[in-house]
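Residue numbers (numbering that gives the first Met the number 0): 0 to 392.
Simulated from the structure, these hints should not be mistaken for laboratory data. Bear in mind that the values here come from a model prediction, so they are computed numbers and not experimental data. Glycine is no exception: its CB is placed at the ideal position from the N, C-alpha and C atoms. Don't take every hint at face value.
Unchecked claim - Ranges of calculated distance between the beta carbons of each label pair, as one might list FRET restraints:
#1 I3 with A227: 34 to 42 Å
#2 Q24 with T356: 51 to 59 Å
#3 F231 with A145: 46 to 54 Å
#4 Q288 with L265: 24 to 32 Å
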Amino acid sequence: MSVIIKLKVSKPSPPPWHHVYEYDQDLITIGRGVKNDLQLEGINSVVSREHAKILRKPEFYVLVDLNSTNTTVLNGEKLKPNVEYELHPGDRFQICDYEIEFLLEKKKVEEEPLTAPSPPPSPPRPNPFLQDLMELSKILDRVNLAYELDESPGKNEDMHDALQKALKESRGKKAGGILGSYLGGDKSMPTVSVLGKDTSELDILSNYDRVRKLIDTTLEFLTKLIQARVKFRQEFLNETIIKSKSFSLDSCTPDELKGFLFDAKLSPEDGQKRTEALAVVLEELLLHQLSLLEGYKAGVNEGTKRFLDRMNPARLNEQLAEKKIRLGIIDIPVKSVPILKLSKLIQIYAEVYRELTAEDRSVIEERYFRPSYKRSYYNCSRGSRRKPSKAEG
Numbered sequence: 000m001s002v003i004i005k006l007k008v009s010k011p012s013p014p015p016w017h018h019v020y021e022y023d024q025d026l027i028t029i030g031r032g033v034k035n036d037l038q039l040e041g042i043n044s045v046v047s048r049e050h051a052k053i054l055r056k057p058e059f060y061v062l063v064d065l066n067s068t069n070t071t072v073l074n075g076e077k078l079k080p081n082v083e084y085e086l087h088p089g090d091r092f093q094i095c096d097y098e099i100e101f102l103l104e105k106k107k108v109e110e111e112p113l114t115a116p117s118p119p120p121s122p123p124r125p126n127p128f129l130q131d132l133m134e135l136s137k138i139l140d141r142v143n144l145a146y147e148l149d150e151s152p153g154k155n156e157d158m159h160d161a162l163q164k165a166l167k168e169s170r171g172k173k174a175g176g177i178l179g180s181y182l183g184g185d186k187s188m189p190t191v192s193v194l195g196k197d198t199s200e201l202d203i204l205s206n207y208d209r210v211r212k213l214i215d216t217t218l219e220f221l222t223k224l225i226q227a228r229v230k231f232r233q234e235f236l237n238e239t240i241i242k243s244k245s246f247s248l249d250s251c252t253p254d255e256l257k258g259f260l261f262d263a264k265l266s267p268e269d270g271q272k273r274t275e276a277l278a279v280v281l282e283e284l285l286l287h288q289l290s291l292l293e294g295y296k297a298g299v300n301e302g303t304k305r306f307l308d309r310m311n312p313a314r315l316n317e318q319l320a321e322k323k324i325r326l327g328i329i330d331i332p333v334k335s336v337p338i339l340k341l342s343k344l345i346q347i348y349a350e351v352y353r354e355l356t357a358e359d360r361s362v363i364e365e366r367y368f369r370p371s372y373k374r375s376y377y378n379c380s381r382g383s384r385r386k387p388s389k390a391e392g
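Can you make the complete structure from the sequences, with help from the hints?
So, in structure tokens, the structure goes:
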């Protein structure tokens, strides 16, 4: 269903005003920057350059605070940064001085001009072949049942041979030619290429079980990839992802994903929207892989520099400058006595080394390497991500 998003923006500060903005898109960015879809200027508090966004999911909308300075409040609840919160018509959220009401409205469908009623259809012409072909259909049902029950490895060849013999007498006649081409018994009929070889239509149908198993295997592997990405962002990036009560591509099972994509009740338009929604997730998976590499490179480069900074001679000299040794009633700076300075410097190096080796490896990783990894990962995954298609619903 096509809808228009309406954002009713109001501001109580004098002079009070309100305005309604309409959007026909899947992503609405909100902030102080000029590139935002909804640009806001704070008076009593600062609106961040990229403050928040509204995003359309396959079954609902979400509101996300983009790690803003003065946060975003939805229905009285402060939003956690980068966490998706479901957004429903009538919900209100605050950004600094502004109160924004989220509304949805169906698109108006232009009424088609009235046309003169068409003349009543002519009565259908009786089909002289229908009765005989209905009998043939019953025979084919029995053949199909026998084919499904037959587990012998050569049943495809047996079916071909039987068709060749059964249609041999009719091949030279027009009706027999139509039946032969329709049933796939004539090997001279046009073929389609499947898996690199010419295969008749009947062979394709007989390989249905293989196709079904291939689809099941692919969907199972795909859901594992999607859930692995979500788990990574939760455990390694410490993201909080609120599980939706309705269907979500991020947490669905293979059977749920199959039902989502192949629901027989879907119209062609809705089926296309769901396919495009899956395409968005697949592109995010690709960006996830690229972001992992960029994060790793940044973590190694910047994390190593931060780690080695603990052993920076200039920094250790600063620590040494603060140390003194007491001789009688006099405190003498260690740096003024060369032999003591060298001895104390070695002690400081030893203390830093013991401190680093005593720390848990996970603590070292989180303190020195993870910050730059996370920053580079987010920059890559956000900077290249395309906006979801308008067909996603």
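Outcome of the hint check:
{"no.": "1", "hint": "I3 with A227: 34 to 42 Å", "verdict": "36 Å, holds"}
{"no.": "2", "hint": "Q24 with T356: 51 to 59 Å", "verdict": "54 Å, holds"}
{"no.": "3", "hint": "F231 with A145: 46 to 54 Å", "verdict": "51 Å, holds"}
{"no.": "4", "hint": "Q288 with L265: 24 to 32 Å", "verdict": "30 Å, holds"}
Figure legend: structure checked against the earlier numbered hints; every hint is met.
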